[in-house]
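Asker: In order, the protein sequences belong to chains G and E.
Per the working numbering, residue 25 is the first one in the first sequence, and the count goes up by one each step.
Per the working numbering, residue 25 is the first one in the second sequence, and the count goes up by one each step.
Don't read these hints as lab results, they were simulated from the structure.
Careful, some of the hints might be misleading.
What the hints assert, rightly or not - Using 30 Å as the maximum straight-line C-alpha spacing, the simulated BS3-like pairs for lysine-lysine come out as follows:
{"#": "1", "chain 1": "E", "residue 1": "Lys417", "chain 2": "E", "residue 2": "Lys190"}
{"#": "2", "chain 1": "G", "residue 1": "Lys159", "chain 2": "E", "residue 2": "Lys159"}
{"#": "3", "chain 1": "G", "residue 1": "Lys417", "chain 2": "G", "residue 2": "Lys159"}
{"#": "4", "chain 1": "G", "residue 1": "Lys163", "chain 2": "E", "residue 2": "Lys159"}
{"#": "5", "chain 1": "E", "residue 1": "Lys163", "chain 2": "G", "residue 2": "Lys159"}
{"#": "6", "chain 1": "E", "residue 1": "Lys159", "chain 2": "E", "residue 2": "Lys190"}
{"#": "7", "chain 1": "G", "residue 1": "Lys163", "chain 2": "E", "residue 2": "Lys246"}
{"#": "8", "chain 1": "G", "residue 1": "Lys246", "chain 2": "G", "residue 2": "Lys159"}
{"#": "9", "chain 1": "G", "residue 1": "Lys246", "chain 2": "E", "residue 2": "Lys163"}
{"#": "10", "chain 1": "G", "residue 1": "Lys190", "chain 2": "G", "residue 2": "Lys417"}
{"#": "11", "chain 1": "E", "residue 1": "Lys163", "chain 2": "G", "residue 2": "Lys163"}
To be verified - Per label pair, the in silico range of CB-to-CB distance:
{"#": "12", "chain 1": "G", "residue 1": "Pro161", "chain 2": "E", "residue 2": "Ala247", "range": "44 to 52 Å"}
{"#": "13", "chain 1": "G", "residue 1": "Thr214", "chain 2": "E", "residue 2": "Pro359", "range": "54 to 62 Å"}
{"#": "14", "chain 1": "G", "residue 1": "Arg278", "chain 2": "E", "residue 2": "Glu356", "range": "29 to 37 Å"}
{"#": "15", "chain 1": "E", "residue 1": "Ala217", "chain 2": "G", "residue 2": "Thr430", "range": "50 to 58 Å"}
Keep in mind the model is a prediction, meaning the values are calculated, not measured.
Even for Gly, the Cβ is constructed at its ideal location relative to N, Cα and C.
Protein chains: 2
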Amino acid sequence: MDRETVFTYGAPGLKFGVGASDEIGFDLSQYDVRRVLVITDPGVAATGHPQRVAEQMAAFGIEAAVYDGVHVEPTDASFEAAIAHARGTGPWDAYVAVGGGSSIDTAKAVNLLTTNDGELMDYVNAPVGRARAPKRPLKPLVAVPTTTGTGAESTTICVLDVLALKVKTGISHARLRPTLAVVDPALTLTQPAGVTAAAGMDILCHALESYTARTYTSYDRKAPEQRVPYCGANPISDMWSEQAMTLLAASFRRAVHHGDDEEARGQMALAATMAGLGFGNAGVHIPHANAYPIAGRVRDFHPDGYPTDEPLVPHGMAVSLTAPEAFRWTFESSPERHLRAASLLSPGHEYVGPDALPGVLVDLMRDIAIPNGLAAVGYGADDVDDLVEGAMKQQRLLATAPREVTDEDAAGILERSLELW
Amino acid sequence: MDRETVFTYGAPGLKFGVGASDEIGFDLSQYDVRRVLVITDPGVAATGHPQRVAEQMAAFGIEAAVYDGVHVEPTDASFEAAIAHARGTGPWDAYVAVGGGSSIDTAKAVNLLTTNDGELMDYVNAPVGRARAPKRPLKPLVAVPTTTGTGAESTTICVLDVLALKVKTGISHARLRPTLAVVDPALTLTQPAGVTAAAGMDILCHALESYTARTYTSYDRKAPEQRVPYCGANPISDMWSEQAMTLLAASFRRAVHHGDDEEARGQMALAATMAGLGFGNAGVHIPHANAYPIAGRVRDFHPDGYPTDEPLVPHGMAVSLTAPEAFRWTFESSPERHLRAASLLSPGHEYVGPDALPGVLVDLMRDIAIPNGLAAVGYGADDVDDLVEGAMKQQRLLATAPREVTDEDAAGILERSLELW
Numbered sequence: 025m026d027r028e029t030v031f032t033y034g035a036p037g038l039k040f041g042v043g044a045s046d047e048i049g050f051d052l053s054q055y056d057v058r059r060v061l062v063i064t065d066p067g068v069a070a071t072g073h074p075q076r077v078a079e080q081m082a083a084f085g086i087e088a089a090v091y092d093g094v095h096v097e098p099t100d101a102s103f104e105a106a107i108a109h110a111r112g113t114g115p116w117d118a119y120v121a122v123g124g125g126s127s128i129d130t131a132k133a134v135n136l137l138t139t140n141d142g143e144l145m146d147y148v149n150a151p152v153g154r155a156r157a158p159k160r161p162l163k164p165l166v167a168v169p170t171t172t173g174t175g176a177e178s179t180t181i182c183v184l185d186v187l188a189l190k191v192k193t194g195i196s197h198a199r200l201r202p203t204l205a206v207v208d209p210a211l212t213l214t215q216p217a218g219v220t221a222a223a224g225m226d227i228l229c230h231a232l233e234s235y236t237a238r239t240y241t242s243y244d245r246k247a248p249e250q251r252v253p254y255c256g257a258n259p260i261s262d263m264w265s266e267q268a269m270t271l272l273a274a275s276f277r278r279a280v281h282h283g284d285d286e287e288a289r290g291q292m293a294l295a296a297t298m299a300g301l302g303f304g305n306a307g308v309h310i311p312h313a314n315a316y317p318i319a320g321r322v323r324d325f326h327p328d329g330y331p332t333d334e335p336l337v338p339h340g341m342a343v344s345l346t347a348p349e350a351f352r353w354t355f356e357s358s359p360e361r362h363l364r365a366a367s368l369l370s371p372g373h374e375y376v377g378p379d380a381l382p383g384v385l386v387d388l389m390r391d392i393a394i395p396n397g398l399a400a401v402g403y404g405a406d407d408v409d410d411l412v413e414g415a416m417k418q419q420r421l422l423a424t425a426p427r428e429v430t431d432e433d434a435a436g437i438l439e440r441s442l443e444l445w
Numbered sequence: 025m026d027r028e029t030v031f032t033y034g035a036p037g038l039k040f041g042v043g044a045s046d047e048i049g050f051d052l053s054q055y056d057v058r059r060v061l062v063i064t065d066p067g068v069a070a071t072g073h074p075q076r077v078a079e080q081m082a083a084f085g086i087e088a089a090v091y092d093g094v095h096v097e098p099t100d101a102s103f104e105a106a107i108a109h110a111r112g113t114g115p116w117d118a119y120v121a122v123g124g125g126s127s128i129d130t131a132k133a134v135n136l137l138t139t140n141d142g143e144l145m146d147y148v149n150a151p152v153g154r155a156r157a158p159k160r161p162l163k164p165l166v167a168v169p170t171t172t173g174t175g176a177e178s179t180t181i182c183v184l185d186v187l188a189l190k191v192k193t194g195i196s197h198a199r200l201r202p203t204l205a206v207v208d209p210a211l212t213l214t215q216p217a218g219v220t221a222a223a224g225m226d227i228l229c230h231a232l233e234s235y236t237a238r239t240y241t242s243y244d245r246k247a248p249e250q251r252v253p254y255c256g257a258n259p260i261s262d263m264w265s266e267q268a269m270t271l272l273a274a275s276f277r278r279a280v281h282h283g284d285d286e287e288a289r290g291q292m293a294l295a296a297t298m299a300g301l302g303f304g305n306a307g308v309h310i311p312h313a314n315a316y317p318i319a320g321r322v323r324d325f326h327p328d329g330y331p332t333d334e335p336l337v338p339h340g341m342a343v344s345l346t347a348p349e350a351f352r353w354t355f356e357s358s359p360e361r362h363l364r365a366a367s368l369l370s371p372g373h374e375y376v377g378p379d380a381l382p383g384v385l386v387d388l389m390r391d392i393a394i395p396n397g398l399a400a401v402g403y404g405a406d407d408v409d410d411l412v413e414g415a416m417k418q419q420r421l422l423a424t425a426p427r428e429v430t431d432e433d434a435a436g437i438l439e440r441s442l443e444l445w
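Hey, can you work out the whole structure from these sequences and the hints?
Answerer: Printed below as a string of structure tokens:
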């Protein structure tokens, strides 16, 4: 079989900067739309941002309504509720998602299921769902992230918990990608320090995982119908990852400890967007695969800065907890990339060997009050087998890892992540 | 008036690599199209590439025809002929442009005038035309560049000579941007050395001009309806420009002198794409403004590697001839950017002062056999006033220059460019 010689790259349009979210009415008027549904969660709705976006529409002859029923960490039930709402009140000509990854991902699912026939499980990744591809184009979707992390505004995937199966899975197709990302750092100024820390670790892992992913040339040659949005590390995703790491080095600690530092907030928002544009094409691997069961099987952890009504390991925190050990294990696949990443994240030092990048990560995680490993969020050695089983289900992600991951490899990484320092 | 805080960024989807052009039939089938017109010029048609692309369509139930009447350096007459052909043989559901900037720009105009009513001059930039904005969406346009230079596959503009007025102008609107760029370095392997040199200087100037352009934050705050695709230098265009310059430093001379060096060809194709993604959002300025009259008023220059039936100063060559003097003059606006550009283009030296970047450019131009200034392509001191008049008409471009350009400034740059070394 020949080696791959082709990579693909896709991205939403972008409007970036303080005040960008004041222009969404005009932007939507460019798509010839009449009725727009703004999709958000109750917490973000309480900030007034979604209502303010909806109120811009009237000046352009566009009718707008707000749906604020998004569940943070969406489930099949919460997706179904949003879809039923949109179907019942539609037809809608466009959607605007205002919020974190949960709102943006819910809007992707709503857009898919109001433009294509069938039901949610028809489109969910196999083996949980039937992995059907949408046959018809979707409506314009404008994504307005209010947390600096997920990169959901750039990606072609939406993630959900399937409650009956206790499994986190997703829907992945190029047509899910938002049409336009409106990134307004002013919307992130009130983000609590704990959220900035967890979401920032998500940015960092997006950049690091796509930078250390299998390169696109290492795969067998694909036929065009086999191409997926995540095609492995390539010269364009590498560039976005490097730039995101450079911004994180300058601003991550400042944004956590000085939330009113507008320059740092702006750089974090830009880093999130850039990392999203990178991993949205290259893919992520082991830390993200591990994060699915770490977040999904939470028992009673309640992090600072998040709603207290349900136990929660926030996505970015869940991703970060096995990152140091994952990158110690992947070091041998590309030492120069791991060392270069350490240099970008903490410039001015000489780095050698597999411990360098984990050391940089642990120093950062301590400084921004990420919990000290899996034990600190409630897992023990007895849970490792369960977590391995959950991580190994994420074969779509593990296919992007730079080394083949066995059950034993995953168990080793998870065990060594129980306590990080 | 407040300063601008917002920048915008748009890009086509991208499929890059050797073999990418074998998959266009499949790619178009994803847009639910039935009839596709392939647009090219006679020289490119003779390579067989456009016909080969058209023949992929049948396997996907798509009817395809080839129009090979594009004029290299398109005119209003050649645009009108292509539009009339497409209207007469349509309706077409999508377009594929295979060729250099001329073919891609012609396809943009055809797409515009077969999806929106009115005539060519309704849409051409004022004051030459009526600068109307298209009201309706355009059809999918797949751009397949066969020369590594113009970046037309990434941009929202098409350029034409208006014969009766002897003026080069264009049409500029976000909707003109191709849907998908298919960049296959294999299509550039037979590009003659003279074309690689001139087109490569175009890449270089795209990167340098957008890197040294006015920054987006230096403008007065725009209302959303005032935003144009070219918004000035910004963090994303800077990144593309830097990366393009790094690739050029590694591969430009090799691609000119060793045309069969596949790695160098691949890096030049990637540099062209990256520079296009940069300047397609930031804009270009003085060298491009000067290039309009330098190319437009040619008398009897016949460059190596190009068709010999008409006198021609190729676009990239025309751009490059005033670049050293333009960047000597813009140095004071941002010394650090000019010196950083010199370092990226010719690493390993210490650079200081306004002569550094011009020196790097002149060394390169001598090595790749670019003519020694305007005199070498047939202009004399007597022509400077004429050239100034032509350059100063390009206010849309000069608005992106980092210093305000008076007639005297332009005359000085042009005079000092008569002989470069």
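Asker: Against each hint, give a clear statement of whether it holds in the structure.
Answerer: The hints, checked one at a time:
Restraint check: the Cα-Cα separation between E:Lys417 and E:Lys190 comes to about 12 Å, which is no more than 30 Å; the hinted pair holds. Restraint check for G:Lys159 and E:Lys159: the C-alpha separation of about 27 Å stays at or below 30 Å, so the hint holds. Proposed proximity of G:Lys417 and G:Lys159 is supported: the alpha carbons are some 27 Å apart, at most 30 Å. About 18 Å separates the Cα atoms of G:Lys163 and E:Lys159, which keeps this hinted pair within 30 Å; it holds.
A distance of roughly 18 Å separates the Cα atoms of E:Lys163 and G:Lys159; the hinted pair therefore holds under the 30 Å criterion. Our distance criterion of 30 Å between C-alpha atoms is met by E:Lys159 and E:Lys190, whose separation comes to about 29 Å. For the hint pairing G:Lys163 with E:Lys246, the CA-to-CA distance comes to about 28 Å; that is within 30 Å, so the pair holds. Distance check on the hinted pair: G:Lys246 and G:Lys159 sit about 21 Å apart at the alpha-carbon level, within 30 Å; holds.
Taking the CA atoms of G:Lys246 and E:Lys163, the gap is near 28 Å; set against the 30 Å cutoff, the hint holds. Using a Cα cut-off of 30 Å, the hinted pair G:Lys190 and G:Lys417 holds, with the two alpha carbons roughly 12 Å apart. A C-alpha spacing of about 16 Å is found between E:Lys163 and G:Lys163, which places the hinted pair at or below 30 Å, so the restraint holds. Against the hinted window of 44 to 52 Å, the Cβ-Cβ separation of G:Pro161 and E:Ala247 comes to about 30 Å, which falls outside the hint.
Roughly 39 Å separates the CB atoms of G:Thr214 and E:Pro359, a value that falls outside the hinted 54 to 62 Å. In this structure the hint that G:Arg278 and E:Glu356 lie 29 to 37 Å apart at CB holds, the actual value being about 32 Å. The given range of 50 to 58 Å is respected by E:Ala217 and G:Thr430, whose C-beta atoms sit roughly 52 Å from each other.
When each numbered hint is compared with the structure, violations occur for hints 12, 13.
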